[in-house]
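Q: Residue numbers (the working numbering), protein chains in the order written: chain Y, 290 to 597; chain H, 594 to 844.
No lab work stands behind these hints, which were simulated from the structure alone.
C-beta atoms are modelled at their ideal positions from N, C-alpha and C, and glycine is treated no differently.
Only part of the chain Y face toward chain H is listed, based on derived beta-carbon distances under 8 Å: (1) N422; (2) R425; (3) G551; (4) N555; (5) I558; (6) R589; (7) V591; (8) T593; (9) D596; (10) Q597.
Distance ranges between label pairs, derived from CB positions: (11) H:V782 - Y:D452: 52 to 58 Å; (12) H:L722 - Y:D329: 41 to 47 Å; (13) Y:P563 - H:S798: 40 to 46 Å; (14) Y:P563 - H:P651: 18 to 24 Å; (15) Y:P496 - H:A747: 17 to 23 Å; (16) H:L722 - Y:R573: 33 to 39 Å; (17) Y:G590 - H:A667: 29 to 35 Å; (18) H:S802 - Y:A503: 46 to 52 Å; (19) Y:R589 - H:R719: 34 to 40 Å.
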Amino acid sequence: MRWILLLLSLVFGPAQAELSYALQPKQIADGVWLLEGSTDNFSPANGGNIVNTAFIVTADGVLVIDSGPSRAYGEAQRAAIATVTDKPVIALWLTHHHPDHVLGNQAYEDVSIAALAGTRQLLAEQGEAMAENMYRLVGDWMRGTEVVLPTATLEAGEVRVGDRVLSLLALSGHTGADLAIFDTRSGVLLAGDLLFYQRALTTPGTPSLDTWLADLDQLQALPWTLLVPGHGPVANNAAPFAQMRDYLGWLNGVLREGAAQGAEMNELIRAPIPERFAGISLTRYELIRSVSHLYPRYERGVMTRVDQ
Amino acid sequence: MDLNWRSCLLLALLAAPWESQAAQVDPVPSVMWDYYHARLLDGAPFVFDKRVRVQVPPFAEDARQVPIEVDASAYDGEVVRILAWAELNPIAQIFDFRPGEQVRARLAIRIRVEQATPIRAAVLTRDGLWHIGSAQVDAAGGGCTAPSVVRAEAGWEERLGQVLGKRYPLADASRLRLQVAHPMDNGLVGGIPEFFLNQAELRDSAGNSLATLELFAAVSENPTISLEVKGEGTTELWLRDNNGNEFRAAF
Chain Y
290 MRWILLLLSL VFGPAQAELS YALQPKQIAD GVWLLEGSTD NFSPANGGNI VNTAFIVTAD
350 GVLVIDSGPS RAYGEAQRAA IATVTDKPVI ALWLTHHHPD HVLGNQAYED VSIAALAGTR
410 QLLAEQGEAM AENMYRLVGD WMRGTEVVLP TATLEAGEVR VGDRVLSLLA LSGHTGADLA
470 IFDTRSGVLL AGDLLFYQRA LTTPGTPSLD TWLADLDQLQ ALPWTLLVPG HGPVANNAAP
530 FAQMRDYLGW LNGVLREGAA QGAEMNELIR APIPERFAGI SLTRYELIRS VSHLYPRYER
590 GVMTRVDQ
Chain H
594 MDLNWRSCLL LALLAAPWES QAAQVDPVPS VMWDYYHARL LDGAPFVFDK RVRVQVPPFA
654 EDARQVPIEV DASAYDGEVV RILAWAELNP IAQIFDFRPG EQVRARLAIR IRVEQATPIR
714 AAVLTRDGLW HIGSAQVDAA GGGCTAPSVV RAEAGWEERL GQVLGKRYPL ADASRLRLQV
774 AHPMDNGLVG GIPEFFLNQA ELRDSAGNSL ATLELFAAVS ENPTISLEVK GEGTTELWLR
834 DNNGNEFRAA F
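All chains, full assembly: derive it from the sequences and hints.
A: Following this line, the structure appears as C-alpha cells:
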C-alpha cells in the first residue's frame, strides 16, 4: 500500500505543488537582460516557458520585450525584473502575436503595451482560440489568463527609450507581422521568432518561406554582436542564421519535391529528417505542423484546371 | 495489496487466454466500435487487420483539414467496398468507396474532426469478411463547427465545382490528385444548411464506371482527393452535390 501511495505522490506530487516559473534574469549586455526558456514543446511540466523574453534597463525605466505564455509568467517576469533593478517598468513591446509571447500582458496593464499594427490585428482575430489551446496544452499554469490587446502601435524606424536608441524592423516572415529590435548601443539583436536556434521553427502564419529567407538577409546585415532568438540559446556568431537558412531550404525542398511527385501529406510528415538537424529539438513535430500549414499551397502550385 | 509470486503467477495465467485473441483486440480502443460495427457493417464478421493501412497525422494541426490515407492495396482485386469513418465525430462517416478492377483499393482525402478520435477503414473483401484498419488522431478540435473558410472568400460561388488536378505516373498505375472548389457545408454551422458533394464516379473514356465514391459531410471544404488507376487511358471524374449540381473533370 505504501508503494502505491509513493507512486501516486510521484505521479501527482508536482501538480499539487504551487506552480511557479523560476525565472532567472541573465545579463547578456550592458543593461540588457534575458529570461531564457527551454527548447521543449508546451507541456504541463514547463507551464509554456519555452520562450525567450528580455528587458532593457534604460535611464528612464525598464522596457520589457514579450510577456510570456501566461498571466503567471508575466507576473513572475515582473517580479524577476524587480530583483535586478529599482527602476519602474515603462513599456512592454511585443515581437508578434503568438501566445507564448503575449499572454503575460495582464501583468503590464498599467503601462503602455505596444506592437506592430498587424500584430494587434492578428491577436484580436486569433488570441482567444490560441489562449484556449494553451489551457489544453499546459493546464493550470494558465489560470486567470486572458488576452490583452496592445494599447500602442510601433512602426519601423529608430525609437528613443530613455538613453537608448532602438532600431525597429517591421518584417513578416514568421507570422505576417514580426518585430525585430536592434539595440544600437550594445549591438544586441532581439530577433523574436524570425530566429529559432536549436529548436525547429514554426510556420502557422508564414506568408511564405521565401519571405522568411528575405527577412533573414535584412537581419543578418545589421551590425549585431549578439543574437537573441525567440527560442533557443543566444549566439555571438552567425550560426543561427546558417541553421535557419539550411532548415528553411530543406523544408522548402521537401514540400516542392513532394508536390512535383504527387506525394500525400501523410507521406511528407514521415519524410526522413537529415542527420545534420539531429541537434534541433522538435523537428518531427514541427514538420508535421509545417506540412499541414504549407503543403496545400505547394500542391495548388503544380495543379491545373481539369474541369470541363 | 501484497503481490507475492503466487499472485503474479495467477495473474499471468489469467492473462494468457487474452493473448490468444490478440488479433481481435481493438488497436485503438473506442467506446463507439460496437455501435458502428452494428450500424455501418450490420454486425457482419470482421477482423482488425494491420494490412489495411490507415495513415493519419498523430495530431490534427488544422482540425478542418486532417489528411487521412486508407491503403488496402494488399487486397487489390479482392476489395468490394471501403467504408471510412471518424468514430467520435458528430458526422462520423467519411466515404463509401467501391473501386472496380482498374482502380487501386487506396484513397487519400482530408476531413474535419471535432475532437480527438479513432479513424476507421472497413474493407469488405469478396469472401464477405470486413477487414478493419484503425488509427488515432489527437486534436484540439472544433473542425466541424468552425466557420467556413470558403464562404469568407469573395466570389466563391463562381468557383463552385472548379477542379484543380494533376495525373502522376507511378510504376504500374497513375495517381490522380484533385481539389474541388466546394464549401462542403455540413449543417453544423448556424444558419447554413447542408450543401456538400455526396457522389463521385470515375469513368473511362467510353463512359464505363471504374469506381464509385459516396462522400459525407465530414469531408473538408474544397475536398482534396487522391485515387490510383491502372492503365494509361484518360479518365473522367463526375461529381454531384446534394443540390444536384454536377461537375466533370478529365485526367
